[in-house]
Amino acid sequence: MQHKSRAFGPLIFFAIAFVLGAYFTFAAVQGSYGIFRSVQIQAEISELETERDALRAEVKQMANLTHRLSDRYLDLDLLDQQARDILGLVRADEVVIR
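The C-terminal residue of the sequence shown carries number 98 in the numbering used here, and the numbering is unbroken.
Treat the hints as calculated values from the structure; they're not laboratory data. Worth double-checking, as some hints may not be accurate.
For each label pair, taking beta carbons as the anchor points, the in silico distance ranges come out as [stated by the list, open to error]:
1. Phe36 with Arg72: 50 to 58 angstroms
2. Ser46 with Ala22: 27 to 35 angstroms
3. Leu69 with Ser38: 42 to 50 angstroms
4. Phe14 with Glu51: 44 to 52 angstroms
5. Arg84 with Gly31: 54 to 62 angstroms
6. Phe14 with Gly34: 21 to 29 angstroms
Don't be surprised by glycine CBs; every beta carbon is placed ideally from N, CA and C.
Could you put together the complete structure from these sequences and hints?
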């Protein structure tokens with residue numbers, strides 16, 4: 001009866017294949033280009049788009065106010081409001097209560 005020694009070649013091959021598979025799976029999930037990073041990037045994109053839309057609305061409002069105070073189109077009510085808010089002006093017939 002001869003003692004057969006096991007071949008370690010296939011065992012080493014499968015161990016290396018398992019380690020490489022585990023590494024690539026980890027990299028695909030948590031790497032710099034992985035699934036978690038992709039979700040973070042999508043959330044950041046959504047947040048930045050919301051901020052962009054808010055800034056566009058603010059710019060549109062400022063453009064409207066600028067147009068309403070321009071030489072070509074003067075909104076007297078807006079001018080009166082700005083003079084009261086910024087300069088603190090009141091008319092002579094008004095009473096200020098503090």
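Results for each hint:
1. Phe36 with Arg72: 50 to 58 angstroms: Holds: the Cβ-Cβ distance is about 54 angstroms, inside 50 to 58 angstroms.
2. Ser46 with Ala22: 27 to 35 angstroms: holds, 32 angstroms
3. Leu69 with Ser38: 42 to 50 angstroms: holds, 47 angstroms
4. Phe14 with Glu51: 44 to 52 angstroms: Once the Cβ atoms are compared, 51 angstroms apart, the range 44 to 52 angstroms for Glu51 and Phe14 holds.
5. Arg84 with Gly31: 54 to 62 angstroms: holds, 59 angstroms
6. Phe14 with Gly34: 21 to 29 angstroms: holds, 25 angstroms
In terms of the numbered hints stated before, the structure departs from none.
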